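*Asks:* Letter by letter, the chains look like this.
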Amino acid sequence: MKNGARQIYLDNNATTPVDPRVFETMRPYFSEIAGNPSSIHSAGQQARRAIEEARARTAALLGCRVEEIYFTSGGTESNNITIKGTALAQDKRKKIIASAIEHHAVLEPCIYLRRFGFELVKIPVDQHGTVDLDSLGRALDDNALLVSVMHANNEVGTIQPIQEISKLAHQHGALFHTDAVQTAGKIPVDVQAMGIDMLSLSGHKFYGPKGAGALFARRGIRFDPLVHGGHHERNKRAGTENVPGIAGLGKACEIAASDMAEEELRIRGLRDRLWQGIQGAITEIRLNGHPDQRLSGTLNFSVRYVEGESMLLKLDQEQICASSGSACTSGSLEPSHVLLAMGLPHDLAHGSLRFSLGRFNTEADIDRVIEVLPSIVDQLRAISPLYKK
Amino acid sequence: MKNGARQIYLDNNATTPVDPRVFETMRPYFSEIAGNPSSIHSAGQQARRAIEEARARTAALLGCRVEEIYFTSGGTESNNITIKGTALAQDKRKKIIASAIEHHAVLEPCIYLRRFGFELVKIPVDQHGTVDLDSLGRALDDNALLVSVMHANNEVGTIQPIQEISKLAHQHGALFHTDAVQTAGKIPVDVQAMGIDMLSLSGHKFYGPKGAGALFARRGIRFDPLVHGGHHERNKRAGTENVPGIAGLGKACEIAASDMAEEELRIRGLRDRLWQGIQGAITEIRLNGHPDQRLSGTLNFSVRYVEGESMLLKLDQEQICASSGSACTSGSLEPSHVLLAMGLPHDLAHGSLRFSLGRFNTEADIDRVIEVLPSIVDQLRAISPLYKK
Amino acid sequence: MQYSEKVMDHFMNPRNVGEIEKADGVGTCGNPVCGDLMTFYIKVEPRNHDPHLARIAEIRFKTFGCGAAIAVASMASEMAQGKTLSEVIAMSRDDVACQLDGLPPAKMHCSNMGVQAIQEAIKDYLTKTGRHDIASTIKGCPRAVH
Amino acid sequence: MQYSEKVMDHFMNPRNVGEIEKADGVGTCGNPVCGDLMTFYIKVEPRNHDPHLARIAEIRFKTFGCGAAIAVASMASEMAQGKTLSEVIAMSRDDVACQLDGLPPAKMHCSNMGVQAIQEAIKDYLTKTGRHDIASTIKGCPRAVH
Ligand SMILES: Cc1ncc(COP(=O)(O)O)c(C=O)c1O
Ligand SMILES: Cc1ncc(COP(=O)(O)O)c(C=O)c1O
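Chains as they are written, first to last, in the working numbering: chain A, 1 to 389; chain B, 1 to 389; chain C, 1 to 146; chain D, 1 to 146.
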């Protein structure tokens, strides 16, 4: 609010603004081309074509067949279909294996499945957030139905060795799913080369709309629908399709496919500039996440003696939007399960800050954070009973 | 396509175009106010406020408390949560009762539940599509968990005696759910007066966006989430909220609440004009649905000797969008289960046409249909082996 | 329904619609209960007393059914017109669908029905002209409505 | 987080921050493991040898914690300042939340902590001044970190 500065949005892992090109693609499907894609008249068929074009664009981003893409309402739903759908479509294998740092949208469906006789095995990660392959190997047996490991983590950005993980899973006849909500559209994803059987992505994490996501499921994989009631999405996801949302998701995929390499570099440059600036100005901080196997837009670090929410609020007063793994930001008592799984002590987990950069950030945004953050930390340390100069 | 006439959209029960006022309400939430409502910074909190405002508007339309509204991705999902959620949250009652003319979004989840030991009992309807209360009474016992009867049917428009049905359900300790996807925003719905425990609605059926719906669940009712994975919607529907969609749904509710009575009259007038015109010009047709307990925008009738899809295609060539219960419009072999349940012979079911009117239709639209349809029917009858002059 | 332009052309302007009063053969396929019904009428031009060499001199049809059914009947009638009976007996549903630049998968049964109804008409002609031997080799319509 | 303007004001401009070198009482509540920690320092002005009538002459605090924790500590310090010890002992978390125009439900525990930490400081003062009898009646902090 101070001096009416424009908002600096550094919370792109939480959600991204819709790219104007995406918005223009969506726009006609609200009021002009507003038919139901299931209708046989032209209004419906025009909408149908928009969906099929989006499907082709999404498939192109992942390197799969068009008929392997199912549109959903978002990443959470895609994860839910995968986990509950594959589990309940069979009754041979009863174990689901997931990393300890999966998003709740993976862990919670697994926990729900317990009442149907399924077991969740959580695989630990090392201090950088990389999944421990030995533990994974030990957990795998012929009761293992599905291994679900995220491509990159939303909090710390650590990228997992997907190819090795999928190989291990397949050696034991288990399916491999990856939650690629944080990577699709940001770094290359090739379902063939990476041995992925199922994959979740979400539009609003890469400049597409909220409320639109996709599931990739390799041809031949059996899974129950989550939402029943119609022939939509080849019987796998009932409900009138969110046509503008899907069209927007497709456009976001197309833009990402063409701009990814360049954008990734640019964002990495900004992030490294930010980290250098912060390291030069603030003492007693530590990076969270893998030093280099990490999403180029993610910078997560802990600030000793200070709690995360209070930093966020002061940043917000300066029109800077960021995030924290502090318990106080989620209303729960425990701080981020991701940071704890990486072995951070509670106080450092409470004092974490995440800046996640995206397409619309500039050097000026970064420089403003470097200008503002040190004094915020100083103020809060000055009133902290833990801090002794 | 002929003479470049503007499209006449008479398929409003399938989906409606977004009202421009709704679109304007949604617009800022794509790229400007694009925060994640779970974030504590201002960008997130602005989005949060949009959702809570929409919740208040939706609650106002239904006459319930704000905390009884859960946002979903649409009517199908709301129906799925209700049916699977209430069933799986308990293990006492094992019978679900639904009318034979429910939407697939109600019937299919019931059928899926069979494998978890639940039974679906379908209640027949009379020739007007009204649920048979005697049969309902007989089906109810203390094993009945839930009665689900739609407020009005999407194909024929018949409005059910909800108050009597809910009373019967409650007498046996069953919950009562109504699929109000076709009525919310079109005719008054008062969950208190009507004794409704749970209710589904969908934005795109009343000039809101596709991909946004709501579930009303009376306080205290236990149901499992369908989509697990976060604290969204008070733990009942995980996933980043579709903020523009929800804001649009809220606006659609607000507009509906204020304009409903007047709009209903106007649309009824247009529909009656259409039916009179058609009756005056085409022989051997019969109305499907209740003569007066019927949605004011719905006109469904069967044209003897002619199949529905062929009429739709010819109408479409005249830029008129309508719908049919013919098997040929759905890719299935059986025509509409609704028309068959009402006792229509197969050939009349194959020959059904549905015009569903809405906010943006004019007298000119109606007059054009009256001008065009008779000759379409003549042409098709002329080539029909069933028709003898 | 995503129909090709060819389908839409034949649907909007079906060729050979009608009946033939004193037809040499009549064949019907389908059933209004199923939503599709086609009746074909043919006039046959005999040749050297060899039914195989006889030709379809005239063909007419009536159809109750969807867009695809009407287009298929029209296209099948055009394809059969002037052909020998052997040639028509050898026709397959894919030939018709192909000539129509394809049909949606859910509509392929219509394509079948068109060919089968014409073959029923030929069967009828052969039966009437005493050639039960050849007639019995024609498959025609699975559950023909006579 | 939807904080009231009052909360934001106390968070951004906390009153009475600091330590008192020779404090009459010191009280701490919370734990960095849980994400909130508050320490209060008080100077007490005795009155008629009756601890109930003694007043908080000066109060200072330090807080590690979220926005609500900081605002609560600040508000609680303002409310306690100048009050008699009995009055402060009678303060409840709702008094503080109320003065802040409300707190989000998830933050009510912060409110509790503010009052309890000051009461711990009073307890400390009473203990040091030999009034174990009164000190033992003060509940203070559930698992105080000393
Ligand atoms: C009566 C009825 N119920 C449910 C639905 C499904 O709603 P949605 O398309 O929002 O999933 C529809 C429309 O498709 C409907 O008409
Ligand atoms: C890794 C990961 N998985 C899943 C999700 C959920 O996706 P959505 O918000 O589209 O439901 C998110 C973000 O919220 C995420 O970061």
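Hints in this document: simulated from the structure, not taken from any laboratory.
Please read all numbers here as calculations on a predicted model, not as lab measurements.
Take these hints with a grain of salt, some might be off.
Some residues of chain D that are not near chain A, with every Cβ distance over 10 Å (derived) [to be verified]:
1) Pro14
2) Met38
3) Asn48
4) Lys139
Listed below are the simulated DSBU-like cross-link pairs for lysine-lysine, each with C-alpha atoms no more than 30 Å apart in a straight line [said to hold, decoys possible]:
5) B:Lys236 - A:Lys122
6) D:Lys43 - A:Lys389
7) B:Lys167 - A:Lys92
8) C:Lys43 - B:Lys388
9) A:Lys388 - D:Lys128
10) B:Lys388 - C:Lys22
11) A:Lys94 - B:Lys94
12) C:Lys83 - C:Lys22
13) B:Lys94 - A:Lys236
14) B:Lys388 - C:Lys128
15) A:Lys167 - D:Lys43
16) D:Lys22 - A:Lys388
17) A:Lys95 - B:Lys236
18) B:Lys95 - A:Lys236
19) A:Lys92 - B:Lys388
20) A:Lys94 - B:Lys95
21) A:Lys94 - B:Lys122
22) A:Lys236 - B:Lys236
23) B:Lys388 - A:Lys95
24) B:Lys95 - A:Lys92
25) C:Lys139 - B:Lys389
26) D:Lys22 - D:Lys43
27) D:Lys139 - A:Lys389
28) B:Lys167 - A:Lys236
29) A:Lys389 - D:Lys22
30) A:Lys95 - B:Lys92
Virtual Cβ for every residue (Gly too), placed ideally from N, Cα, C.
*Asks:* Run every hint past the structure and note whether it holds.
*Replies:* Evaluated hints:
For Pro14 of chain D, the condition that its CB be more than 10 Å from all CB atoms of chain A is violated, with the nearest at approximately 6 Å. Against chain A, the non-interface label of Met38 of chain D is violated: not every CB pair exceeds 10 Å, the least being about 7 Å. The claim that Asn48 of chain D lies off the interface holds: its Cβ sits roughly 34 Å from the closest Cβ of chain A, which is beyond the 10 Å cut-off. No beta-carbon of chain A is positioned within 10 Å of the beta-carbon of Lys139 of chain D; the least distance is around 21 Å.
A distance of roughly 24 Å separates the Cα atoms of Lys236 of chain B and Lys122 of chain A; the hinted pair therefore holds under the 30 Å criterion. With a C-alpha separation of about 24 Å, the suggested pairing of Lys43 of chain D with Lys389 of chain A holds against the 30 Å cut-off. Taken as a hint, the Lys167 of chain B and Lys92 of chain A pair is broken in the structure, with Cα atoms around 44 Å apart against an allowance of 30 Å. Distance check on the hinted pair: Lys43 of chain C and Lys388 of chain B sit about 22 Å apart at the alpha-carbon level, within 30 Å; holds.
Of the supplied pair hints, the one linking Lys388 of chain A and Lys128 of chain D holds, its CA atoms being roughly 26 Å apart against a limit of 30 Å. Restraint check for Lys388 of chain B and Lys22 of chain C: satisfied, since their Cα atoms lie roughly 18 Å apart, inside the 30 Å limit. Taking the CA atoms of Lys94 of chain A and Lys94 of chain B, the gap is near 25 Å; set against the 30 Å cutoff, the hint holds. Only pairs whose Cα atoms come within 30 Å are accepted, and Lys83 of chain C paired with Lys22 of chain C is accepted, the gap being roughly 20 Å.
About 26 Å separates the Cα atoms of Lys94 of chain B and Lys236 of chain A, which keeps this hinted pair within 30 Å; it holds. A distance of roughly 26 Å separates the Cα atoms of Lys388 of chain B and Lys128 of chain C; the hinted pair therefore holds under the 30 Å criterion. As the CA atoms of Lys167 of chain A and Lys43 of chain D are separated by approximately 67 Å, the hinted pair breaks the 30 Å bound. Straight-line distance between C-alpha atoms of Lys22 of chain D and Lys388 of chain A comes to about 18 Å, which keeps the hinted pair within the 30 Å bound.
The straight-line distance between the Cα atoms of Lys95 of chain A and Lys236 of chain B is roughly 25 Å, inside the 30 Å bound, and the hint therefore holds. At most 30 Å may separate the alpha-carbon atoms for a hinted pair to count; Lys95 of chain B and Lys236 of chain A meet this at roughly 25 Å. A threshold of 30 Å between alpha carbons decides the hint, and for Lys92 of chain A with Lys388 of chain B the separation of about 60 Å lies outside it, so the pair is violated. The suggested pairing of Lys94 of chain A with Lys95 of chain B holds, with an alpha-carbon distance near 28 Å, which does not exceed 30 Å.
Taken as a hint, the Lys94 of chain A and Lys122 of chain B pair is broken in the structure, with Cα atoms around 34 Å apart against an allowance of 30 Å. Using a Cα cut-off of 30 Å, the hinted pair Lys236 of chain A and Lys236 of chain B holds, with the two alpha carbons roughly 22 Å apart. As the CA atoms of Lys388 of chain B and Lys95 of chain A are separated by approximately 66 Å, the hinted pair breaks the 30 Å bound. Straight-line distance between C-alpha atoms of Lys95 of chain B and Lys92 of chain A comes to about 28 Å, which keeps the hinted pair within the 30 Å bound.
Among the hinted pairs, Lys139 of chain C with Lys389 of chain B is inconsistent with the structure: their alpha-carbon atoms are about 33 Å apart, more than 30 Å. For the hint pairing Lys22 of chain D with Lys43 of chain D, the CA-to-CA distance comes to about 8 Å; that is within 30 Å, so the pair holds. With a CA separation close to 33 Å, the supplied pair Lys139 of chain D and Lys389 of chain A exceeds the 30 Å bound. For the hint linking Lys167 of chain B to Lys236 of chain A, the alpha-carbon distance of about 36 Å lies beyond 30 Å, and the restraint is violated.
For the proposed pair Lys389 of chain A and Lys22 of chain D, the alpha carbon gap of about 20 Å is at most 30 Å, so the pair holds. A threshold of 30 Å between alpha carbons decides the hint, and for Lys95 of chain A with Lys92 of chain B the separation of about 28 Å falls inside it, so the pair holds.
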